[in-house]
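Participant: Each chain, written out:
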Amino acid sequence: MYWKLLLYILTLTQLCSTSGSIMAEGEAEWELSKENIQPLRQGRAISALHQALSQQQEGSSYTAIQQTTQAFESELRMYSGDDPLDVWDRYIRWTQQTYPQGGKESNLSVLLERAVMRFADEKNYHNDIRYVSLWIKFAENSTEPLDFYTYMHGQGIGIMQAAFYIAWSEEFEKHSNSKKADAIYQEGIKCGAEPRDKLQQYHKAFQARVSRQVVLNMTSGGQGDSPESAQPERLSLAVLKHRGKKKAIVPINRTGASVSHHAHGLNLNLPAATHQAQNSQMVVFNENQAGAAAESFEPRPEQWLAPPVARAKENELMPEKWTNVRMPQKSKFGHSVVVPPSKPNFLPFVEESDQPPAVTPCKINPAVNTVLSARKPSKEENPLERLQEQQQQQSSGQTREQSMYCKELLLSGAAEFCFEELRAERYRKKFALDLEDKEAMLRMVKDELKRQIEEKQRLLLEKSQEAAADHQAQHYATESDVIMYEEHPMPGPSAISEGSATGFKVFDESNASSSGICPLKVYGDSESAGSIPDVEMVQMNEAESNGMPFAVFDESAMCEQPQEVAPMVVSKPSARKPLCAILKPRADVPATRPPSESDGMEGIEPLIEDAIIGSYRNYTLCHIPEDTCDFARAAQLASTPFSGGPNHRPCLSMESGLAEDLSAVSVGTAQDVPTFTSTQDGFDGALRVKKLSPIQEASLEDGSYSGSSVSSSTLSGASSTRTTNLSIKPDLGPSAAAQVNEPNASATEVEDPTSGNVRRRVLGNIDLSSFPNFHKKSGPLPAVNEHEVLSAGDETFVILSGIISSESYAVHFGQTKSSENVVMKVDLHPIPWDFYINTLLRNRLGSDSHKYFSDQSRCFLYDGGCITVSWGHYQGTLQECLAQSPFQENVTALIAIELLELVGQMHSCHLVHGGLRPNTLLLRHRTGCEGLDSVLRAVDFSHSLDLGLQPEVTSVLGHPEAQAFLKQGVLSSSSSPYQMDLLGIAETVHVMLEKRSMQLVCKDSEWELAEDLEVASGNPEDVWCKFFRTILNPGTQSTVTVLLSTDLYSSVEGNLLSCSSIRSSRAVTPVESEL
Amino acid sequence: MSSTLKGITLKGSAELVAEFFSFGINSILYQRGIYPPETFSRVTQYDMSLYLTTDTKLKNYLTNVVTQLREWLFDCTVQKLVLVITCLETNEVLERWQFDIECDKTAKQSSGPREKSIKAIQEEIRSVIRQVTATVTFLPLLETACAFDLLIYTDKDLEVPEKWEESGPQIIADSEEVRLRTFTTTIHKVHSIVAYKRTDYI
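Protein chains in written order, with this note's numbering: chain B, 1 to 1075; chain V, 10001 to 10202.
Hints were generated in silico from the structure; no laboratory data involved.
It cannot be assumed that every hint is accurate.
Unchecked claim - Partial selection, computed: residues in chain B whose CB lies under 8 Å from chain V:
#1 Pro-39
#2 Arg-44
#3 Ala-45
#4 Ile-46
#5 Leu-49
#6 Leu-53
#7 Ile-252
Said to hold, decoys possible - Non-contacting residues of chain V with respect to chain B, defined by C-beta distances greater than 12 Å in every case (computed):
#8 Arg-10070
#9 Glu-10177
#10 Arg-10181
To be verified - Distance condition first, Cα-Cα at most 25 Å in a straight line; then the derived DMTMM-like pairs of lysine to aspartate or glutamate:
#11 V/Lys-10197 with B/Glu-421
#12 B/Lys-430 with B/Glu-75
#13 B/Lys-241 with V/Glu-10159
#14 B/Lys-204 with V/Asp-10047
#15 B/Lys-34 with V/Glu-10124
#16 B/Lys-245 with V/Asp-10047
As the structure is a prediction and not an experimental result, all values here were calculated from the model.
Each residue gets a CB set at the ideal place from its N, CA and C atoms; glycine is no exception.
Sequences and hints are given; from them, build the entire structure.
Facilitator: The following block contains the structure:
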């Protein structure tokens, strides 16, 4: 016993708040019908109880209950899961709670019987606690529970469940058969029923009860008079004394003095009943029987020998002897059957107002009104018998009747369903499924859209990264340009005028001719000349689909411009292209920001709805105008006065930002006239030091303070440019962005695409060891010296002579053991680039590769370098051959054609040779080249690029071989790497023709040779002049088209023929003979 | 028992309420089968048959509690009496009978009797005890051996008597609560609530 005092732990209010469903005080429905509520072992939910009782009180409003019943009924039929018992279990538990008084309308016994029979054959349910408890409930609902328990035991239902043994034993205990009850417990423990603890606990409690009983019996036996009889005891059928004088009231206390003792009639003084034994008389009877039975207690394994007696029924005729029974004869005259008159012989009074409503006979709702039907005697047999019958039928395999409709579905529940109900149920199910499907589909579409958005974002990100890379590259060119311009006498602050002056040199004929190098003229002739290289950088294959963004360009305007606005370059963009001039700055803002700068947009998910809805893009407003973040950034800039976002720009930096913007404007125009690109840095510098020309200030004002007009023009610009198709975008977007990014790239360096780091990174993605003839060796690179023997792997090579040597690599001729001639390239970096290019050529070209490239190569990769061996017999480099004796023109033509074809083949595989010079090309030896129609071979790929693998390389910037041309201005920062090879061809051919390096000048915005060719003898229409013009000014065409163009071939070939040489495989012979 | 028939004083009210608890607790212990039914004997009280324990230890315990409770009732310092039924083995709280007591503290100053007949009060008490008996219709069967605890909530400034200790509220976590009838002596008002473990029927 605990003495506990709880002090002020909880306040009353707190406690009240915890109470879930406190009912109205005193108004408890349950109390009024407490006698009609069957106690449940697990208790009742008071809410369900209240609901059930109140609804029954109302009588008519069964709807909620009926609906639930209907739902359960249809669920029973439509259930398609793997646990059909679950529905039954829930249904029955719900029924128990909903019908507290039980009774026929609850259908509980029917439900229990159906459920129990439904799963009688399903062995996996036999020891399921839910099924067992259904059985126990069923048994408790019946008149002879013991029979059911025996049956269950025989069938093996619940033999592993403690609850079964407890229920069984308690049933015996009720019959005061404690011996058997005890035996049941023991049997349960022996069988290992679970939970064991529970069983043992119940067993102990039972034993305690029994022992107490025994003790009580013993003491009472000793006294002879039970102590209970001393207590006031109510007697059955005793006559009570009434209370009250006028009105006889039955006394509340009905024992002792209130019982009148002059009892008449039957006076049953029943022996005092103990608490457990309701049936003490039966105890005696059972004891005797059980005494013997308890010892020999053995569950009957067979199925039910003696069927349990039928339920005690009222009004049932017991079978009896009928032999002497006579029907009571009625006398013909005595009792005539009075036929009830068809019409009553009186008229019942009906009030005028009380008109019976005209009720149309409606269908009786079987759910609400119980339909009465005559009881069929067969239905009244014991459920156990029915079950057995059913089983017997099944076991014997005979089915007396076979229903040709879904009978079991119609009758499976407690209520009967009609076909229409089933059909409706199926329809509803299908409908729900359809809905679900639709939902799922919508979800899928949504996901797909989301995915697309993500992809678009990713693409945009990539593009912006690409743009950043471009922009780095771009800057490099700019810087080199600047260096050039700094040679001009005017220093820093006044560089603006300088820049503008340079910019207009383009059109100054005399100026151009006087300066030996005039790089800015290169692409000045037409708009296409400037735009095409940009496009090529991004998408080499879409070279044809461009030009549209530049349609606005007005050639005549451009021609007039120089004269009109010559001194002020900055006014030019706004004057010429007002729309572009205003819109561009905003477009540049996101791009010009350093990538690390946070503008508070990270949290906002960029949304590019337009990209999905329509494929239109507006690249005038900003480079990713559909991106909400970009738009927000742009809006920030457009708002007046500009107060900055989270990252408020100080005034100066804003100006410089604007300067960048404006310079980008000039870049925008520079797409048409690339000369402007070169002016911008000086221009930027001028802006930064605030030495602005009046017009620049005005334009600055324009950009920063007249925001409203800007935004309106932005809108109109956006709408007007909507029609531009998305497909053009990739052509322009990145290149434009790249140019736009220029001013920011001042700090970053352009990476050499041929550097070891880049190649290592590029090759890192490729499993070279899977290539044939690739050998990886551990250990340092063996020393390679002339006239020595080198053993690489299982091969031994004799090094003959060196042909090319540079700081990082050397090329030697060599011979194998079997006297095969090879070229050995020894790289001091462990990057097997040459081998990779060779293999690639072989893979990409197939048999064509044998013409100009080695058909066999091996590579030995060491820790400190690699050796690439290519088979083939060569005379030496082109340079060496030239040094020995000059070529005839027809030989030059032949080699030129071969060179064109060689480069064409490489370019068609997205490869750039990069280092085409007379000293990198080999001429084949006359032996071992029979049957082959080429003399030229490319072996050294030290400067090569694989643009298929290096898509980020879009410009010649950074390539070591291009630097000289960049300086000259022949190549611009936006030139495609492929153009390097064109210049290489020109250089090689020039060397072959003139035996010296070529000098280029820009004349009439075309590049041409500075000096006339000897062979051409001053004739500008000479084949070689045309050849150089085409090669040096590739124009709009891609390099592959230039190289393989029939014009070029036919002209050179024509030249070859005109020199009375034969263009055939035998053309080799004259070359060789010369050498 | 109060001596007057017509009115009721603080002392009489405390007496009546304490008596109610004595019978009420006995009744619950019998009804819920906390002690074996053989250990109870039937008495007639409030015009109905009630069961009182014959177990001497339990009797002494209850007498002690009720005596103490009577004092507190008289002082108007008691707020609640809670009968907690716990499982003997797991100590899990299975049922919680809570009697909230509202004391009219003004009765301490004005000594005059309130107008409410004992008969009327007893009528109310009877209906409360009847309802307690009727709760078997929905309360879950206590299938394990159970023990009970009595908790009394008092005012803060009360000294803890020697044989008492502080305790937690012992609330049932997921419980169903049913409010029972209320009776009042005009000085003390007793609300009854029974809480039990919620059953999951669907």
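Participant: Now tell me if each hint is right for this structure.
Facilitator: Against the structure, the hints:
1. Among the interface hints, the one on B/Pro-39 holds; its C-beta lies about 6 Å from the nearest C-beta in chain V, closer than the 8 Å criterion.
2. For B/Arg-44, the interface hint holds, the least distance from its beta-carbon to any beta-carbon of chain V being 4 Å, beneath 8 Å.
3. For B/Ala-45, the suggested interface contact is upheld, since its CB lies about 5 Å from the closest CB of chain V, less than 8 Å.
4. Using the Cβ-Cβ criterion of 8 Å, the hint placing B/Ile-46 at the interface with chain V is satisfied: the shortest such distance is roughly 5 Å.
5. Taking 8 Å as the C-beta cut-off, the interface hint given for B/Leu-49 holds, the closest approach to chain V being about 6 Å.
6. Here the hint on B/Leu-53 is broken, as its CB sits about 10 Å from the closest CB of chain V, past 8 Å.
7. At its closest, the beta carbon of B/Ile-252 sits 5 Å from a beta carbon of chain V; the interface hint therefore holds under the 8 Å criterion.
8. Annotated as non-interface, V/Arg-10070 keeps its C-beta farther than 12 Å from every C-beta of chain B; the closest such distance is 15 Å.
9. Listed as outside the interface, V/Glu-10177 is inconsistent with that label: its C-beta sits roughly 4 Å from the nearest C-beta of chain B, within the 12 Å cut-off.
10. The claim that V/Arg-10181 is not at the interface with chain B is violated, since a C-beta of that chain comes within 12 Å of its own (minimum 5 Å).
11. Simply put, V/Lys-10197 and B/Glu-421 have alpha-carbon atoms about 39 Å apart, too far for the 25 Å limit, and the pair is violated.
12. Only pairs whose Cα atoms come within 25 Å are accepted, and B/Lys-430 paired with B/Glu-75 is accepted, the gap being roughly 14 Å.
13. Distance check on the hinted pair: B/Lys-241 and V/Glu-10159 sit about 54 Å apart at the alpha-carbon level, beyond 25 Å; violated.
14. Only pairs whose Cα atoms come within 25 Å are accepted, and B/Lys-204 paired with V/Asp-10047 is rejected, the gap being roughly 38 Å.
15. Restraint check: the Cα-Cα separation between B/Lys-34 and V/Glu-10124 comes to about 18 Å, which is no more than 25 Å; the hinted pair holds.
16. This hinted pair checks out: B/Lys-245 and V/Asp-10047 have alpha carbons roughly 19 Å apart, not beyond 25 Å.
Checked against the numbered hints given earlier, the structure breaks hints 6, 9, 10, 11, 13, 14 and satisfies all the rest.
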